[in-house]
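Colleague: Below are the chains, spelled out letter by letter.
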Amino acid sequence: MIPTHRFERRVHRRTAILGAAAFVLQGLSARAASTAAPRVAAIDWAAAETLIAVGITPIAIADLAGFRASFAHLPDMVGTIDLGSTWEPNFELLDRLKPDMIYLPSWSSLSRAQLEQIAAVRLCDIHGKGGDPIDKARSFGESVLNELTTMSEPSAIRQLEARLQRITRKISPRPVFLLNLRSTSRFVNVYATGSLPDSALVHVGLQNAWQGPVNGFGFASIGAEKLLQSPDASIVVLNQNDRTTEMLSRLERNIFWASMPALRAGRVHVSPPISVFGGLLSATTFAEWLADTFDKAT
Amino acid sequence: MAQTVERRPRISPSLPFSVLFVGLLSLMLAAINLQRVLPPSEWLDALSSKQPGSLQELLFAWAALPRLAVAFLCGTALSLSGLLFQQSLRNPLAEPTTLGTSAGAQAALLASLVWAPGLLGVGQGPIAIFGAALATATVFGICSRAGRSPISIILAGLVVNLTLGTICAIIILLYPEQSEDLAQWQTGRLEQTGWMPALCLGLCLLTGWAITAFLCRSLRLLEMEDAVVISLGMKPAWLRGISLATAIIVAGAVVATIGTIGFIGLAVPALARALGARDLRVLVLWAPLLGGLILVLADQIVQMPVFLNGQFPTGTFASILGAPVLLVLLSGTRSRTLRSVSRPMTSSRLLIGPHHLLGIILITLALLAVSLALGRGPSGWEWSTDIELIKRWRLMRVEASLSAGILLGISGVLIQRVTANPMASPEVMGISAGATIGAIALLFVSTTFTSGDLFVACAIGSLLVTSAIVILARRSNFAPDRIILIGIAVSTIIGAIGAFVIAMGGPTRGLLLTWFSGSTHRVTQDQAMLVAAVAILAMVVVPLFGRSLEVLELGEDNARALGLPVSATRGAIILYSAISTAAATIIVGPASFVGLLAPHMVRQIGIHRPLPQIFASAFAGGALMLVADWLGRTLIFPWQMPAGLLTALIGGPLFLYSMRQRR
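Chains as they are written, first to last, in the UniProt record's numbering: chain Z, 1 to 298; chain E, 1 to 663.
Among the clues, some could well be false.
[Claimed, not checked] On the chain E side, residues computed to face chain Z include the following (Cβ under 7 Å):
| id | residue |
| --- | --- |
| 1 | LEU59 |
| 2 | TRP62 |
| 3 | ALA63 |
| 4 | PRO66 |
| 5 | TRP393 |
| 6 | GLY506 |
| 7 | THR514 |
| 8 | HIS521 |
| 9 | TRP639 |
[Claimed, not checked] Taking lysine to aspartate or glutamate pairs in the DMTMM-like style, the calculated list, with each CA pair at most 20 Å apart, reads:
| id | chain 1 | residue 1 | chain 2 | residue 2 |
| --- | --- | --- | --- | --- |
| 10 | E | LYS391 | Z | GLU252 |
| 11 | Z | LYS98 | E | ASP557 |
| 12 | Z | LYS98 | E | GLU225 |
These aren't lab readings, by the way, just hints derived from the structure by calculation.
From the three backbone atoms N, C-alpha and C, an ideal C-beta is built for every residue, glycine too.
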């Protein structure tokens with residue numbers, strides 16, 4: 001990759017983390033004023049992010065290590081307990097933690113019956129259930145606010161909404177591929193309708209260049225040569241931390257990648273680390289980065 | 001000299017005609033697909049120019065054509081590998097996927113993907129070939145004492161496959177992100193982005209084929225007994241070693257290039273034989289050719305736009321296509337592939353006495369107490385006396401896994417005795433796979449199903465598959481080999497479909513992964529009661545089969561002479577095992593292999609009469625599941641290890657060890 005890209009990425013990453021941290025601290029101080037914190041467990045990662053954004057640290061999160069790795073932009077959590085895998089959270093442990101509320105992804109709601117024996121269960125439907133993830137994230141954030149906090153406006157969610165509002169359709173439309181790289185350079189994961197990155201992309205006014213079929217989470221694994229079907233498209237590589245650099249270097253040996261018009265024209269951008277399974281905070285940060293990047297790129 | 005009188009091998013015309021037909025068909029489809037990439041008038045330009053000009057030319061010369069080449073080379077390589085395995089082992093069922101070769105390559109690739117990604121830069125080929133060789137060597141190492149009988153090799157291969165699959169599943173559960181790419185390898189996708197893989201594979205294949213052609217005359221001798229071969233002055237061990245090494249390297253190279261493609265290695269040589277090629281000299285030339293063309297055909301069909309926009313993996317499609325071919329072949333010929341093995345001589349015969357019963361009761365109680373009370377909490381290990389907690393989260397899991405183990409233990413013995421085949425089991429026969437297909441079908445019909453729906457779907461699936469097996473096997477009077485082959489075919493199709501759904505990712509991925517891993521995590525009280533009821537019923541009903549089983553053991557003719565309706569009895573017992581298996585599969589998934597392991601453990605101890613064997617196996621299965629469930633809950637707390645995976649992981653090596661010990 002070209003060095004400037006890397007530098008740009010680092011700067012963006014730093015601003016993103018600082019921004020998120022400041023934002024969350026603000027939320028925390030607001031929370032401190034209200035009554036005793038509700039005890040909430042999050043099996044859904046998008047829900048966990050939303051909770052932290054409004055100043056509620058979950059007492060337990062499923063696959064905590066995985067969550068920390070994917071959501072590096074969030075500040076450290078103290079005392080949060082690992083619940084085991086997202087798919088099979090440890091019921092027994094959860095029961096003994098005596099939560100007031102459990103947030104469950106609606107795409108794996110099979111455990112709902114068991115969890116309802118422990119505490120009230122709320123489904124988080126941002127991912128995997130169709131519809132626009134940003135809209136879903138917005139209404140999910142509202143529901144969290146209504147149910148768990150007594151904060152008066154302007155609340156954390158309202159602020160995110162305002163930030164999103166500012167960049168609505170800010171960029172002139174042009175096609176963009178959203179890619180997640182794989183360890184074999186023969187394939188890439190392309191994100192489209194139904195995924196959070198696509199939702200942010202459309203929000204700032206860009207178009208998704210991938211029109212083919214995708215799975216329930218809004219992505220598909222395709223041969224790298226399929227990207228040539230839209231030669232005019234720009235490319236955004238969704239950053240997965242240290243793995244991305246290695247995979248990019250592997251891709252350079254791929255003749256299709258090398259002859260991609262976007263690469264020659266400098267229209268390949270590597271995003272700051274983002275979580276594709278995040279909530280409104282991830283969506284806002286990513287949308288702002290998109291608006292910023294494509295604003296400069298014109 | 002024998003050579004001078006030897007005639008040139010005769011080729012019946014049906015083989016060249018079939019090859020020509022498949023070749024023309026795949027050429028036609030390839031032409032249709034290629035002209036969608038680039039108009040035919042520009043094909044020559046695209047090929048002759050050193051630097052591709054337009055994007056279309058690039059796609060044509062660097063994606064479409066290499067893919068065509070890789071498809072042909074992979075088909076050829078797999079057929080050659082299968083042929084070599086079959087010839088040198090004198091076993092028509094031997095091929096890279098039944099001997100653990102492909103699974104070994106795959107596991108090695110996954111392990112390096114997760115723990116040493118730098119190694120992949122060195123090249124996937126050596127890693128895959130290393131894994132393939134290791135797994136195959138394990139299979140042979142285990143069978144070396146058992147005299148390499150065809151059945152023991154296939155059985156060892158099966159268990160090695162299962163154990164490696166389990167290891168992969170555990171890696172996937174623990175490292176979901178890194179192992180996502182494995183899914184692509186498992187489905188065998190052929191997309192290419194350059195000529196390098198085709199070139200390497202081609203070179204490998206050419207070498208392998210040259211060695212085979214060179215050794216062809218000597219390899220034919222392996223069709224005879226080893227003593228005869230030695231008396232002719234040949235060294236069968238050397239011959240076998242060279243041809244097996246060639247087969248392994250060729251198959252490993254295929255896995256490294258595109259992943260696992262099942263069935264070609266098994267079905268294509270069988271097809272070529274059915275088309276009249278009996279002589280190895282004919283087969284060596286025509287079977288690889290046929291295999292290459294068949295895979296090209298499958299790959300071109302998959303690339304048609306009507307097929308999921310060309311995203312359907314070729315490997316999955318080839319399996320779905322190949323399995324029925326195998327079934328048709330089976331129903332046409334009266335195969336004598338796996339003769340039912342005479343019961344092992346009973347060196348130790350254990351008679352069950354009262355003190356045994358007392359011991360069993362004590363062990364059961366101890367196991368129950370430990371698995372209910374001993375566990376891990378937020379602050380470490382503890383002996384829990386919180387009855388409420390135990391009743392709420394542990395009781396039904398204990399109940400369900402115990403019952404499921406009992407059911408699988410019973411069905412295992414029933415099926416092994418009825419088919420007179422020690423490698424039969426509900427898992428091997430595809431009954432569990434039937435339950436899986438029910439579950440997958442449900443996934444596509446509804447996204448908001450309850451566990452009750454799941455049970456019904458699984459029961460319907462396994463009953464359908466069992467009925468299919470019963471109907472297909474009826475014609476051959478439930479010949480053991482036929483039943484096993486049908487089971488392997490069914491399991492392979494269903495496994496391929498499952499791998500494809502997992503590879504698509506999305507919300508169903510996790511559900512299927514847990515299903516295949518056999519987790520007792522979500523068992524409800526109702527489910528537990530249901531399975532327990534089925535298990536208790538089985539304990540009551542099964543003694544009724546006791547006499548029939550003893551009579552069946554005397555051999556078919558004797559049984560008939562004693563007035564036993566042999567076919568009807570066999571059908572009834574198999575159907576009953578299917579229902580039991582369906583109930584157990586809901587709890588522990590399709591791959592626990594308790595139904596295979598428990599009866600073997602019991603036989604190992606020396607219990608041989610039908611009824612004691614059934615009850616001992618029920619106890620062994622129940623205990624195995626109970627321990628697995630407890631370990632699964634505590635070993636990596638707060639994470640959980642699915643019980644089905646654990647039984648396979650513990651039981652697999654144990655089984656292989658006991659196989660090796662047995663004379």
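Colleague: Classify the hint on E:THR514 as holds or violated, based on whether any CB of chain Z lies nearer than 7 Å to its CB.
Modeller: This interface hint holds because 6 Å falls under the 7 Å limit.
Colleague: Is the hint on E:LEU59 kept, meaning its closest Cβ partner in chain Z is under 7 Å away?
Modeller: Where the cut-off is 7 Å and the nearest Cβ of chain Z is about 6 Å from E:LEU59, the hint holds.
Colleague: Does the CB of E:HIS521 sit less than 7 Å away from some CB of chain Z?
Modeller: holds, 5 Å
Colleague: Is the hinted pair Z:LYS98 and E:ASP557 satisfied, with a Cα-Cα distance of at most 20 Å?
Modeller: The given pair, whose Cα atoms are some 67 Å apart, is violated under the 20 Å limit.
Colleague: Could you grab the alpha-carbon distance between E:LYS391 and Z:GLU252 and see if it respects the 20 Å cut-off?
Modeller: violated, 58 Å
Colleague: With chain Z as the partner, please determine if E:ALA63 meets the hint condition of a C-beta pair closer than 7 Å.
Modeller: The hint holds - E:ALA63 has a Cβ within 7 Å of chain Z, the shortest such distance being about 4 Å.
Colleague: Tell me if E:PRO66 is really an interface residue toward chain Z, meaning its C-beta lies closer than 7 Å to one of theirs.
Modeller: violated, 10 Å
Colleague: Using Cβ atoms only, decide whether E:TRP62 comes closer than 7 Å to chain Z, and label the hint accordingly.
Modeller: The hint holds - E:TRP62 has a Cβ within 7 Å of chain Z, the shortest such distance being about 5 Å.
Colleague: Min Cβ distance, E:TRP639 to chain Z: is it shorter than 7 Å?
Modeller: holds, 4 Å
Colleague: Was the hint right that E:GLY506 lines chain Z, CB cutoff 7 Å?
Modeller: holds, 3 Å
Colleague: Report holds or violated for the interface hint on E:TRP393, using the least CB-CB distance to chain Z and a cut-off of 7 Å.
Modeller: holds, 4 Å
Colleague: Checking one constraint from the list: CA of Z:LYS98 to CA of E:GLU225, max 20 Å. Satisfied?
Modeller: violated, 71 Å
Going down the numbered hints, you'll see the structure goes against 4, 10, 11, 12, while the others check out.
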